[in-house]
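Listed below, chain by chain, are the residues.
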Amino acid sequence: MDETSVASRLIHTKARTLKISFEEQVLDLLPRMRRFAAGLTGHPADGDDLCQMTIERVLTSQDKWQEGTRLDSWMYRIMRNLWIDETRSRSRRSQTFVAEDAGLGIGGEGAQEATVELSNVDRAMQKLPEDQREAVLLVMVEGYAYKEAAEIVGCPVGTLNSRLVRGRDALMAMLEDAA
Amino acid sequence: MSNTDITQEELAAWADGEISGARALFIKAAVANDSGLQAQVEAHRALKDRLSAHFAPIAEQPVPDRLADLLRPKDAEVVDFAAAKTRLEEKRRLPRWSWIAGPALAASLALAVFLPRTGDDVPGDPYAGTQLAAALDTQLVADQDASADTRILLSFQNNGGEFCRAYAGSEAGGIACRDDTGWRIETMGSGSETGRTEFRQAGAAQIMAAAQDMAAGDALDADAEAAAREAGWQAD
Numbered sequence: 001m002d003e004t005s006v007a008s009r010l011i012h013t014k015a016r017t018l019k020i021s022f023e024e025q026v027l028d029l030l031p032r033m034r035r036f037a038a039g040l041t042g043h044p045a046d047g048d049d050l051c052q053m054t055i056e057r058v059l060t061s062q063d064k065w066q067e068g069t070r071l072d073s074w075m076y077r078i079m080r081n082l083w084i085d086e087t088r089s090r091s092r093r094s095q096t097f098v099a100e101d102a103g104l105g106i107g108g109e110g111a112q113e114a115t116v117e118l119s120n121v122d123r124a125m126q127k128l129p130e131d132q133r134e135a136v137l138l139v140m141v142e143g144y145a146y147k148e149a150a151e152i153v154g155c156p157v158g159t160l161n162s163r164l165v166r167g168r169d170a171l172m173a174m175l176e177d178a179a
Numbered sequence: 180m181s182n183t184d185i186t187q188e189e190l191a192a193w194a195d196g197e198i199s200g201a202r203a204l205f206i207k208a209a210v211a212n213d214s215g216l217q218a219q220v221e222a223h224r225a226l227k228d229r230l231s232a233h234f235a236p237i238a239e240q241p242v243p244d245r246l247a248d249l250l251r252p253k254d255a256e257v258v259d260f261a262a263a264k265t266r267l268e269e270k271r272r273l274p275r276w277s278w279i280a281g282p283a284l285a286a287s288l289a290l291a292v293f294l295p296r297t298g299d300d301v302p303g304d305p306y307a308g309t310q311l312a313a314a315l316d317t318q319l320v321a322d323q324d325a326s327a328d329t330r331i332l333l334s335f336q337n338n339g340g341e342f343c344r345a346y347a348g349s350e351a352g353g354i355a356c357r358d359d360t361g362w363r364i365e366t367m368g369s370g371s372e373t374g375r376t377e378f379r380q381a382g383a384a385q386i387m388a389a390a391q392d393m394a395a396g397d398a399l400d401a402d403a404e405a406a407a408r409e410a411g412w413q414a415d
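Protein chains in written order, with the working numbering: chain G, 1 to 179; chain L, 180 to 415.
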């Protein structure tokens with residue numbers, strides 16, 4: 001067997017093993033992806049649609065993911081970009097997506113008080129501008145460091161920091177009013 | 180330096196553990212001595228806790244099957260071709276053509292199939308056109324360009340010893356086998372009004388199923404595929 005065919009066999013074998021573990025890795029990240037998607041879209045069902053789009057995109061572009069880099073950040077970035085595209089086309093279609101008072105209740109069933117309080121959070125989140133909402137979600141819910149969150153969003157760390165603070169302040173004001 | 184030098188952004192960053200070194204110590208001391216700053220830090224952390232708790236239940240729920248399934252069975256069969264073929268043979272319940280008409284077929288996908296040629300009932304030209312033929316002639320599974328219009332899914336030999344290649348493009352895919360005339364298209368699926376993603380998902384799986392039925396053995400590995408290309412896809 002000459003060198004070229006050895007190399008090509010290695011590449012081939014590697015591609016096969018990679019593909020298996022790649023899909024398993026994506027599967028492992030799905031619970032977190034669903035959480036982020038529900039936060040972005042404001043609704044679990046819309047979130048799962050966004051997840052589905054993300055998975056499809058991730059599978060068709062998996063050769064663009066560089067092994068050794070974080071798969072989660074890459075997938076979050078894909079999801080976030082898909083959502084931005086989606087919101088742009090929604091607003092072109094004149095935004096009738098989720099009525100503000102539609103039952104959101106992301107937390108699912110619970111005590112009556114809990115449901116009300118969860119809805120307040122959902123409503124407040126949905127009133128934030130997209131850039132502030134994603135900053136709040138990535139740092140305060142997903143637990144990313146500012147630098148990682150900034151890379152997912154594609155902005156400087158300082159910008160991420162200030163969006164986070166503005167989003168946080170707006171949320172606190174809205175939740176205080178609602179309380 | 181006074182406490183007023185500490186911006187809202189910096190205070191938030193400190194509360195999130197983003198600041199280290201001397202500056203972190205300075206802010207820590209300032210917060211300890213300023214009830215106003217303390218209250219801000221507490222509010223920041225309280226909101227973080229509240230949001231985390233709010234969204235936590237979603238990540239604890241089981242992932243719906245419709246999402247997990249995208250990552251589970253079909254593609255695994257594609258990868259482990261031989262095992263999938265064995266499994267298929269062991270528990271084959273349906274005649275080979277039934278998946279075409281069967282209700283399990285994705286409703287959005289229009290599939291036309293050219294089964295072993297009888298000559299008179301094959302509509303249109305059964306041979307691949309120039310562009311497709313070029314891809315079939317030259318592309319190898321192992322090293323094809325990811326952005327290629329047509330991707331070769333795998334290569335194999337059929338019962339007659341001919342080299343066959345399963346391929347998928349943005350709008351259509353199928354299986355073509357090389358005979359003396361050219362690349363004879365055996366099975367073809369085409370996306371209808373659906374987007375390409377749906378096609379890739381549903382169509383490619385159907386094509387793989389058909390390939391598994393047609394193949395006489397395992398799919399060619401990279402070496403065997405390269406050798407077959409070298410030989411012009413002519414069987415011995």
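The set of hints was computed from the structure by calculation and includes no laboratory data. Do not take every clue at face value.
[As the list claims (entries may be wrong)] Result set (EDC-like, lysine to aspartate or glutamate): computed pairs, CA atoms no more than 16 angstroms apart in a straight line: (1) Lys-147/G with Asp-195/L; (2) Lys-207/L with Glu-189/L; (3) Lys-207/L with Asp-195/L; (4) Lys-127/G with Asp-72/G; (5) Lys-207/L with Asp-228/L; (6) Lys-147/G with Asp-72/G; (7) Lys-64/G with Asp-195/L; (8) Lys-227/L with Asp-213/L; (9) Lys-227/L with Asp-169/G; (10) Lys-147/G with Glu-189/L; (11) Lys-207/L with Glu-188/L; (12) Lys-64/G with Asp-324/L; (13) Lys-227/L with Glu-23/G; (14) Lys-227/L with Asp-184/L; (15) Lys-127/G with Glu-176/G; (16) Lys-147/G with Glu-188/L; (17) Lys-207/L with Glu-239/L; (18) Lys-64/G with Glu-130/G; (19) Lys-147/G with Glu-197/L; (20) Lys-227/L with Asp-248/L; (21) Lys-127/G with Asp-177/G.
[Stated by the list, open to error] Which bits of chain L does chain G cover? Going by a derived footprint, with three or more residues having C-beta under 8 angstroms, they are: (22) 221 to 231; (23) 305 to 317; (24) 327 to 335; (25) 392 to 398.
Just so you know, even glycine gets a beta-carbon here, dropped at the ideal spot from N, CA and C.
Hints versus structure:
| no. | hint | verdict |
| --- | --- | --- |
| 1 | Lys-147/G with Asp-195/L | holds (12 angstroms) |
| 2 | Lys-207/L with Glu-189/L | holds (12 angstroms) |
| 3 | Lys-207/L with Asp-195/L | holds (12 angstroms) |
| 4 | Lys-127/G with Asp-72/G | violated (27 angstroms) |
| 5 | Lys-207/L with Asp-228/L | violated (21 angstroms) |
| 6 | Lys-147/G with Asp-72/G | holds (14 angstroms) |
| 7 | Lys-64/G with Asp-195/L | violated (32 angstroms) |
| 8 | Lys-227/L with Asp-213/L | violated (21 angstroms) |
| 9 | Lys-227/L with Asp-169/G | holds (12 angstroms) |
| 10 | Lys-147/G with Glu-189/L | holds (14 angstroms) |
| 11 | Lys-207/L with Glu-188/L | holds (15 angstroms) |
| 12 | Lys-64/G with Asp-324/L | holds (12 angstroms) |
| 13 | Lys-227/L with Glu-23/G | violated (31 angstroms) |
| 14 | Lys-227/L with Asp-184/L | violated (24 angstroms) |
| 15 | Lys-127/G with Glu-176/G | holds (14 angstroms) |
| 16 | Lys-147/G with Glu-188/L | holds (14 angstroms) |
| 17 | Lys-207/L with Glu-239/L | violated (35 angstroms) |
| 18 | Lys-64/G with Glu-130/G | violated (26 angstroms) |
| 19 | Lys-147/G with Glu-197/L | holds (9 angstroms) |
| 20 | Lys-227/L with Asp-248/L | violated (33 angstroms) |
| 21 | Lys-127/G with Asp-177/G | holds (14 angstroms) |
| 22 | 221 to 231 | holds (count 7) |
| 23 | 305 to 317 | violated (count 0) |
| 24 | 327 to 335 | violated (count 0) |
| 25 | 392 to 398 | violated (count 0) |
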